[in-house]
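There are 2 protein chains.
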Amino acid sequence: MTYQSMSREQLCQIRSKLLEKYEEFKKDGIKLDMARGKPDKQQLDISENILSIVTENEQCITDEGIDCRNYGGLDGLPSAKRLFADVFDLDERNIILGGNSSLNMMYDTIARAFSFGFCDSERPWCKEEKIRFLCPAPGYDRHFAICSQFGIEMITVPLNSDGPDMQMVKKYAESDPCVKGIWCVPKYSNPTGITYSDEVVRAFAQLKPAAKDFRIFWDNAYAIHDFNGNKKLLNILKECEKSGMPNMPIMFASTSKITFPGSGVALMSASSENIEQIKKLLSIQTIGPDKINQLRHVAFFKNKQGMLDHMKRHAAIMKPKFDAVISAFKRELAGTGIADWTEPEGGYFISFNVLEGCASKVYELALNAGLTLTKVGDTYPYGKDPFDSNIRIAPSFPSIDQLEAAVERFIVCVKIAAVEKILTEK
Amino acid sequence: MTYQSMSREQLCQIRSKLLEKYEEFKKDGIKLDMARGKPDKQQLDISENILSIVTENEQCITDEGIDCRNYGGLDGLPSAKRLFADVFDLDERNIILGGNSSLNMMYDTIARAFSFGFCDSERPWCKEEKIRFLCPAPGYDRHFAICSQFGIEMITVPLNSDGPDMQMVKKYAESDPCVKGIWCVPKYSNPTGITYSDEVVRAFAQLKPAAKDFRIFWDNAYAIHDFNGNKKLLNILKECEKSGMPNMPIMFASTSKITFPGSGVALMSASSENIEQIKKLLSIQTIGPDKINQLRHVAFFKNKQGMLDHMKRHAAIMKPKFDAVISAFKRELAGTGIADWTEPEGGYFISFNVLEGCASKVYELALNAGLTLTKVGDTYPYGKDPFDSNIRIAPSFPSIDQLEAAVERFIVCVKIAAVEKILTEK
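As they're listed, the protein sequences go chains V and F.
Numbered continuously in this note's numbering, the first sequence closes out at residue 445.
Numbered continuously in this note's numbering, the second sequence closes out at residue 445.
To be clear, the hints were calculated from the coordinates, so they are not data collected in a lab.
Treat the hints with caution; some may be incorrect.
Since the list gives no way to pick one copy over another, a pair counts as held whenever it fits inside one copy or between any two copies.
[Unchecked claim] Calculated cross-link-like contacts (lysine-lysine; reagent style DSBU-like; alpha-carbon spacing at most 35 Å):
hint, residue 1, residue 2
1, 299, 394
2, 299, 323
3, 323, 403
4, 299, 146
5, 231, 40
6, 257, 45
7, 440, 40
8, 440, 349
9, 149, 46
10, 440, 227
11, 298, 380
12, 299, 403
13, 146, 189
14, 323, 45
15, 380, 227
16, 331, 445
17, 380, 299
18, 149, 298
19, 189, 60
20, 349, 146
21, 250, 36
22, 299, 45
23, 231, 349
24, 190, 146
25, 261, 46
Construct the entire structure; sequences and hints are all you get.
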């Protein structure tokens with residue numbers, strides 16, 4: 020029976036029981052957190068051997084004679100590029116390896132566009148009257164934050180279960196030369212967990228943007244972060260090459276959620292023309308990334324299969340957490356008509372929708388009961404959810420026990436907000 | 020007896036002997052290189068233990084409870100900031116630790132100024148008609164390259180034995196609001212090896228630049244890279260605080276030439292107002308630097324004394340190389356009137372001046388005899404030495420034997436170029 024079809028009396032009864040429980044939560048002093056998309060300690064522990072895999076001077080000198088300890092190697096260690104080329108299905112010649120942060124590589128790519136433009140820009144973006152980006156939402160707040168910092172106007176595009184609304188993407192990109200890019204998390208999207216369908220990826224490749232230097236920022240953060248087998252995502256670089264738009268996409272990835280979030284290896288890949296221009300600019304910015312850390316990754320994983328096997332160990336920790344959250348949602352909320360949620364097969368997030376206008380209320384109720392959630396609005400451009408209904412659930416960091424306690428609390432808050440809304444409207 | 024005072028006959032005799040030797044060099048097929056300011060293998064080897072100092076999960080969790088493996092810590096690990104604060108005489112609250120490259124931090128500081136301005140800028144530098152930088156020369160080519168990339172006009176300022184010509188610095192900085200900064204390598208300057216005197220540092224602090232957002236880029240790359248004891252350099256941050264200009268200087272340093280050039284830790288320090296603004300912008304660019312590598316540095320050095328002791332081991336390798344080069348110069352060139360050179364007590368370079376108009380000739384002669392030198396002009400803005408006389412000698416990378424062979428070859432080339440010039444003019 021949905022809440023909406025209940026009588027005032029029924030709803031008031033439910034409310035008083037909920038408030039009783041809520042008061043208990045407020046009193047118990049327990050602090051819980053489902054806000055942060057961080058791997059937990061157990062996940063970090065499984066990469067322990069990477070710390071001791073390169074311990075001697077002689078190990079630092081590669082077969083090609085590269086001394087990883089010394090200067091040099093602007094675009095990274097060749098053996099690491101080969102490993103990542105294999106894992107992410109890339110041309111090793113078109114890879115740049117960075118430091119520990121793919122976010123930093125994305126930011127720098129935008130920063131370079133502002134100061135110098137891309138290889139096919141008419142002028143640096145800072146000389147343009149206006150720059151607009153398409154932002155599929157709910158999306159990743161840090162992408163939107165980069166736009167805010169550079170004064171890029173954000174246009175919200177609905178994110179469906181198979182990817183962004185491509186009709187809207189096409190309309191904006193092909194009609195407005197100020198629209199210079201789009202942010203995508205194409206696999207296990209942050210926060211909805213959906214993966215772009217082949218049709219959507221092909222529709223991206225078929226775009227004929229009004230801006231010659233339109234770029235698809237393809238943040239493939241969860242490329243191999245599957246819970247069950249490997250969900251296929253079409254290769255945007257190859258699709259755009261086929262469609263005659265090789266310079267349009269730039270792919271980013273990292274091992275932040277494979278080895279250590281603070282000490283992983285980030286990478287980007289794009290057309291040879293893009294990579295050539297970026298390397299030329301990059302050669303003034305740095306002498307090169309930390310090659311010893313790249314060497315550690317190569318020695319630790321050995322090859323693609325090594326990395327995929329390692330991801331199974333992550334899945335074995337993550338999947339039970341997602342299952343715990345989702346089964347509680349099903350048990351407590353299925354058929355109530357007051358919430359829906361995604362059931363991702365990988366990645367780090369579950370996207371949860373409450374009744375319109377209730378998300379901020381749920382956030383506050385939770386906070387007052389000791390439960391920290393991702394800030395409402397963070398998943399939308401300008402920090403504003405137009406429906407005030409989306410909440411990002413991050414199940415990775417708490418233990419299963421903490422998670423179950425957190426979800427119990429969360430569900431009570433969701434129900435209270437819903438009951439009150441429905442009562443007001445009755 | 021100087022070459023200039025010799026007769027044509029004497030010079031011709033010398034020349035034919037030199038050319039005989041030169042032909043031998045050309046034939047022997049030996050390849051030598053004095054171009055690169057890279058530590059040699061021996062120097063890298065002394066830091067081997069840093070590779071094996073953090074090998075277990077539990078070591079990665081600090082006393083404060085920071086898990087160095089995970090996300091977080093925008094400005095770096097507190098214990099590493101404390102260590103560097105002690106070594107470089109800084110306020111630990113005003114330090115930002117970065118990745119492996121201080122060059123990257125300098126570049127990003129300029130890039131941020133272009134896109135957003137400094138805390139006291141009227142507008143982003145990209146919105147200014149013209150940006151000029153003062154460039155003490157001979158100087159570091161990578162500083163000049165950053166200016167070139169951003170279209171910053173470079174004004175050459177002579178670098179004297181006690182620092183830049185401060186009268187000229189004052190004149191330009193105080194009269195021209197387009198002059199927004201100056202590049203300094205204040206200790207064991209690249210390439211002349213000189214250290215700024217107390218008077219020069221104080222003169223910097225006393226500047227009243229026309230541009231409110233004028234910045235001194237204080238690249239303290241060789242702060243503790245002494246061969247004999249510790250040469251004192253006044254602390255520019257403290258001097259500028261005293262003079263009421265706290266926001267003017269930004270200091271950069273790294274462990275690139277302390278541990279590993281490719282895997283060191285870079286840092287910057289400045290006034291709290293500068294640091295606050297930079298951290299705010301930085302928080303969008305990255306989640307934080309590689310804390311495990313910072314932890315390795317703390318565990319390896321333990322404290323300031325540990326780092327200074329380590330530098331003595333570098334000095335024991337470097338000093339004999341500098342001695343070999345300088346004693347050969349003295350033996351072969353003293354009193355000839357055709358060359359002068361610096362005798363640094365630390366750092367990585369010796370600056371060598373040949374007769375005006377001869378440096379390119381020497382470079383080419385050397386190249387054809389198998390000896391690679393730093394490209395002539397690299398030590399000046401726009402890659403142009405106005406006197407065509409400065410050559411940067413980098414003694415660190417070759418072994419002593421290679422170095423002696425290289426210097427022998429170099430001296431023959433210097434003499435040939437000088438004799439030919441003098442003969443032409445006689």
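Here is how each hint holds up against the structure:
no. : hint         : in the structure
1   : 299 with 394 : between (39 Å within a copy, 19 Å between copies)
2   : 299 with 323 : within (30 Å within a copy, 38 Å between copies)
3   : 323 with 403 : neither (40 Å within a copy, 49 Å between copies)
4   : 299 with 146 : both (21 Å within a copy, 24 Å between copies)
5   : 231 with 40  : neither (58 Å within a copy, 59 Å between copies)
6   : 257 with 45  : neither (53 Å within a copy, 50 Å between copies)
7   : 440 with 40  : within (19 Å within a copy, 95 Å between copies)
8   : 440 with 349 : within (21 Å within a copy, 90 Å between copies)
9   : 149 with 46  : neither (51 Å within a copy, 62 Å between copies)
10  : 440 with 227 : neither (45 Å within a copy, 62 Å between copies)
11  : 298 with 380 : between (48 Å within a copy, 32 Å between copies)
12  : 299 with 403 : between (38 Å within a copy, 21 Å between copies)
13  : 146 with 189 : both (25 Å within a copy, 32 Å between copies)
14  : 323 with 45  : neither (48 Å within a copy, 48 Å between copies)
15  : 380 with 227 : neither (42 Å within a copy, 54 Å between copies)
16  : 331 with 445 : neither (49 Å within a copy, 81 Å between copies)
17  : 380 with 299 : between (50 Å within a copy, 29 Å between copies)
18  : 149 with 298 : both (27 Å within a copy, 26 Å between copies)
19  : 189 with 60  : neither (43 Å within a copy, 55 Å between copies)
20  : 349 with 146 : neither (52 Å within a copy, 55 Å between copies)
21  : 250 with 36  : neither (42 Å within a copy, 75 Å between copies)
22  : 299 with 45  : between (57 Å within a copy, 34 Å between copies)
23  : 231 with 349 : neither (47 Å within a copy, 61 Å between copies)
24  : 190 with 146 : both (24 Å within a copy, 32 Å between copies)
25  : 261 with 46  : neither (61 Å within a copy, 53 Å between copies)
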